[in-house]
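For chain V, the structure is supplied; the task is to place chains G and W on it using the hints.
Protein chains in written order, with my numbering: chain V, 1 to 447; chain G, 1 to 348; chain W, 1 to 399.
The hints are simulated quantities; they were obtained by calculation from the structure and are not laboratory data. If you're wondering where the values come from, they're calculated on a predicted model, not measured in any experiment. Positions of the beta carbon are idealized from the N, C-alpha and C atoms, including for glycine. Be a bit skeptical, because a hint or two may be false.
What the hints assert, rightly or not - FRET-style restraints, in silico, Cβ to Cβ:
no.: 1; chain 1: W; residue 1: T341; chain 2: V; residue 2: K308; range: 40 to 50 Å
no.: 2; chain 1: W; residue 1: N322; chain 2: V; residue 2: G76; range: 15 to 25 Å
no.: 3; chain 1: G; residue 1: T225; chain 2: W; residue 2: T233; range: 23 to 33 Å
no.: 4; chain 1: V; residue 1: G76; chain 2: W; residue 2: G193; range: 22 to 32 Å
no.: 5; chain 1: G; residue 1: C194; chain 2: V; residue 2: A433; range: 46 to 56 Å
no.: 6; chain 1: G; residue 1: P109; chain 2: W; residue 2: G242; range: 49 to 59 Å
no.: 7; chain 1: V; residue 1: G98; chain 2: W; residue 2: P28; range: 24 to 34 Å
no.: 8; chain 1: V; residue 1: G196; chain 2: G; residue 2: D179; range: 55 to 65 Å
no.: 9; chain 1: V; residue 1: G98; chain 2: W; residue 2: I167; range: 38 to 48 Å
Claimed, not checked - Subject to a maximum C-alpha distance of 30 Å in a straight line, what follows is the list of computed DSSO-like cross-link-like pairs (lysine-lysine):
no.: 10; chain 1: V; residue 1: K377; chain 2: V; residue 2: K92
no.: 11; chain 1: G; residue 1: K308; chain 2: V; residue 2: K228
no.: 12; chain 1: G; residue 1: K308; chain 2: V; residue 2: K405
As the list claims (entries may be wrong) - Some chain W residues flagged as far from chain V (calculated, every beta-carbon gap over 12 Å):
no.: 13; residue: F14
no.: 14; residue: P97
no.: 15; residue: G122
no.: 16; residue: G153
no.: 17; residue: I156
no.: 18; residue: I167
no.: 19; residue: Q173
no.: 20; residue: P223
no.: 21; residue: R229
no.: 22; residue: Y248
no.: 23; residue: I255
no.: 24; residue: F328
no.: 25; residue: P345
no.: 26; residue: L370
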Amino acid sequence: MSKIEFTRRGIIKTSAAVGAGIAMPTLLTSPAAAYTNEPKGKTVTLGFNVPQTGAYADEGADELRAYELAVEHLNGGGDGGMMNTFSSKELKGNGILGKKVEFVTGDTQTKSDAARASAKSMIEKDNAVMITGGSSSGVAIAVQGLCQEAGVIFMAGLTHSNDTTGKDKKANGFRHFFNGYMSGAALAPVLLEMYGPDRTAYHLTADYTWGWTQQESIQQATEAIGWKTAKNVLTPLATTDFSSYVAPVLNSGADVLVLNHYGGNMINSLTAAVQFGLRAKEVNGKNFEIVVPLYSRLMAKGAGENVKGIFGSTNWHWSLQDEGSKAFVKSFGKKYGFPPSQAAHTVYCQTLLYADAAERAGTFNPCGIAESLEGFKFDGLGNGATEYRAGDHQCFKDVLVVKGKENPTSEFDVLEVVKVTPRAQVEYPVDHAMFAGGELGKCNSGA
Amino acid sequence: MDAILLQVLNGLDKGSAYALIALGLTLIFGTLGVVNFAHGALFMIGAFCAVTLQKILNISTISLDPTKTDFLGDPLKIKTPLVETWFGEIAGQAIIDWTVPLAVLFSIPIMLVIGYVMERGLIRHFYKRPHADQILVTFGLAIVAGELVKANFGATEIQVPAPDLLAGVTDLGVYLGFDVGRVAYPTWRITFFCFSLAVIGSIFAFLQFTTFGMVVRAGMADRETVGLLGINIDRKFTIMFGIAAAVAGVAGVMYTPIKPPSYELGMQFLVISFVVVVVGGMGSLAGAVLAGFMLGILESFASMNEVKSFFEMLYLPSIDQIIIYLVAIIVLLVRPRGLLGKAGVMED
Amino acid sequence: MLKLDKKDAVTFLFVVAITLLAPFIMNPFPTESGLAQFNAGYPDLMQRFVIFGIFAIGYNILFGLTGYLSFGHAAFLGMGSYAAVWMFKLLTMNVIPALILSIIVAGLFSLLIGFISLRRSGIYFSILTLAFAEMSFRLAYSVLTPLTNGETGLQITLKDPRVLDAINTTGHQPVTSLFGLEMRNTATLDIAGWAFQFNVGYYVSAVFMLIAFYISMRIFRSPFGLMLRAIKTNQTRLNYTGLNSRPYTLAAFVISGMYAGLAGGLLASMDPLAGAERMQWTASGEVVLMTILGGAGTLLGPVLGAGFIKYFENIFSKINDNILHSWFSFMPESLETFFTTIIHPFVGKGWHLTLGLMFMLIVTFLPGGLVDGGTRIWNRIRKNKKSSSSAASSTEPVE
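Same shape as in the complex, but just chain V:
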């Protein structure tokens, strides 16, 4: 936010209120900030913008827990969690750049409008230098656009749409989470192995950017292994009773149902599919199968018995045995009494990555931070070796293929990792057709 610039004085003069605006700047001590919300005191404020109501509220609540844990660790509290296993050793537990980390929270309501309003007030009122969160790609894209305009960094939370780092990518936005294309690339070989090449898939798809791009990705990946696609039906995000969408699947001739749903949506559509007896069905002499491309423990828990044996992919799972994951599960579990979800994991990583980038850049200036995140290679955050690709601000790492566990030993033990798909198998060029059509643009510091 800068001083007012005048390009066409004549017209401005006609408006009385703007006239008042003209008189003002001469009185003003123009702000000396080099970039939006430069922290001048002893603290720095981060904005955590997560859904607390709506279809993704469970994920949002878990994200908030992880954010609070991350802040605690950054400020030197707790056991330090993944700060100890992180390959970069810049973070000392004394806040970021010596400033104590404070945070504000907001409710996105899983609605773009509300999310932007909430992020705007964080930037304008609470002077947040970084906004993070979002459990819906629609929201993430809307808020990412706002952060680009306002000149703050956006560290995307749980957003899986190709568009977030594809068509709608922004220079100020960064995503640690994986995406629809990667899910497709990781899942297809496993599906081929389990269900064979002669299958017909019926897609139910959440009707917004995430659903569209994931469906496209899965369809392309499964068609490449010989599957046919019977139909793709779009369901509004606000749907809660999926019976009228599931009923037509019964006799459609398809033998696989792909649920491109997440959170509460997925719980309800899967429950409806199971209620209609789809899993017990046989079509063309084969067992009817259900696939949930994007899986999380919270959803698996919500759907209960219904998830047993169902395949999907996930960004991270608490049962991983590397040092980073173990440290994170330990400190999260100690604090809250249950293991973290993948949503919690990705936002914890994002917060640490932001803090680390600020330390390495030596500034909170978004452009400095963007520069030190671009092409950054790291390890020890639970996903193995990872890279923030400079070309589209997407993290590249291994992808997990998981399955609903048949014999869970506890209420948290609902998923098992079937395969760790190596990074090379899910990688794609920056200008891949599914990601084309957008530009990063230039980093905006708001100056």
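Positioned in the frame of chain V, the structure of chains G and W alone reads:
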């Protein structure tokens, strides 16, 4: 053919919910002349009676099992619900399994009391005020009810499963000569449909065949005359309000396995239930039931792929999203009194 | 002055002064003080105050004067926003064409919807508008996705044509402006610990709000306004005199629809994104709350109500347990926990509960809203002084 049958079934169970809510709504309007925007909230409160009972039944004692470890390596905590301790494992599990049917019994007294208090404490003071004020105050009440539930139960949907026995599918098609598995429909949804028919039937029987019902019907027709006969019609109407609340409540309970409840449930069903009442005819009980089932089936048909692609040719994809409102607008314009409404009732 | 009588002129000047000085008035606490969280003087919120003020002023012309309770006005606000964003995408980032189009679009749709809905009155009218609102929301949310971008919301991108603007080579997203004056520009005045923010977007919206307020004032005092009140008082009697009241109600409906469209256009001008949620019937419920809370049928009421609710939504809702604990930290711990537990459900995330309760109280006991309450208190004070019966005040609701 089997596809159509499936959609009819789907429409019937949607329609049951619409009909049950609309029935109570129109009952209140017919007896008390009050437009109750908080009726959806009563449905929601009913659903949360089931959630509450589920919580109560799952109150557990925690014991440690040192032979197993949890995810942090500590001894595994094992929860044993108190009902299992009291009634033995098998009986206890059966009680928990049958939460929803039990919740119907649990909710009836609660809803009657809530209805009674609501009428005596608030609605009563609005009989003489304009309809707009009634709408506004009950709208405020609906917000308050939703927020109270949110504060106590959180903002997320809560799963309440149907009993195992009724959780599977029933192959209705076999009885009608279809191949096995062509028309298989979830048993709970069929149960819900039968349940609503029973409730609707008993309400009608109650109004038709009891003295109480007769007085209420007379009061609906001409309140003043009934009052002049020395009958305390206000008291009867208060009871009817309680009954309407109970109908909405049990509908909410039985609907929980179909649609997991959240605090927004009331607002979600509010608009649709008003549409049903208006299409059926304000104050007409039979109209509300008829319109409920009709709109439910219509909505299901509109979501059929064949119907959808027909409308897509007319550049209207996802017609199922708006069909009900279109129908409501047309009915209100063409036949303002609704399908079965009496001429002259609120017809201006 | 301005063809207003003296009393109205004073009211108007009062509103003008408040609006122009809002950056000072809304920021009573120094930035570093603990009370700074109650400051509302930042651009986004101030813009919302005046924009929703416009929305409520318009709604009041329909509901306050004629008594027709519409639950569908958010639809017009949403249409205004979509129209504005399309203008930003196709034509230019200048807000003027966008605002003109949003008023026109909202006007046309309100003419259509009003023409149909006003064939009925009373509760049927309310339910018709409810059905229209829900239908519009669903159209925008899923059916008309190519036009509205569905759930994600319509946004501007670097690749939009914008035929009137120079080709954008900066790589930055273009911003909305008024002939080059960017809406987001804010100048900050730092005086001894206070930071007052003067935002272009706020002042542009404020000017529109003042114009809207002035027009509404003139309508209230005109023969047309009198006719609308007659409709509210007794429509049947009016009809018996041989007068057809429908053209008047339709005119009021369309005017309020255009106000909503202007508000929607301004919202999009401040932040170029249009989401379907702003059309939902519960969003219409919000403007009903604003109008009634402030005082339906009064001039100042709707603006007051809009400000009140937006303040609650943005400031009151931020009071979390940590803040509560710090307030009561001077008490012994048990008392502190007690007070925090008591207050907790009503603040922060539970602010809707407080709002709902207040709304019920006001509908029940104070049908004239906060303005009516203020007037009553004022009259009582004067009564104590002069023991004269209350004089009709300009802000008294019309019943």
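Each hint tested on the structure:
no.	hint	result
1	W/T341 / V/K308: 40 to 50 Å	holds, 41 Å
2	W/N322 / V/G76: 15 to 25 Å	holds, 19 Å
3	G/T225 / W/T233: 23 to 33 Å	holds, 30 Å
4	V/G76 / W/G193: 22 to 32 Å	holds, 30 Å
5	G/C194 / V/A433: 46 to 56 Å	holds, 53 Å
6	G/P109 / W/G242: 49 to 59 Å	holds, 57 Å
7	V/G98 / W/P28: 24 to 34 Å	holds, 32 Å
8	V/G196 / G/D179: 55 to 65 Å	violated, 25 Å
9	V/G98 / W/I167: 38 to 48 Å	holds, 44 Å
10	V/K377 / V/K92	holds, 20 Å
11	G/K308 / V/K228	holds, 22 Å
12	G/K308 / V/K405	violated, 38 Å
13	F14	holds, 16 Å
14	P97	holds, 14 Å
15	G122	holds, 30 Å
16	G153	violated, 4 Å
17	I156	violated, 8 Å
18	I167	holds, 14 Å
19	Q173	violated, 6 Å
20	P223	holds, 30 Å
21	R229	holds, 32 Å
22	Y248	holds, 33 Å
23	I255	holds, 23 Å
24	F328	holds, 21 Å
25	P345	holds, 15 Å
26	L370	holds, 24 Å
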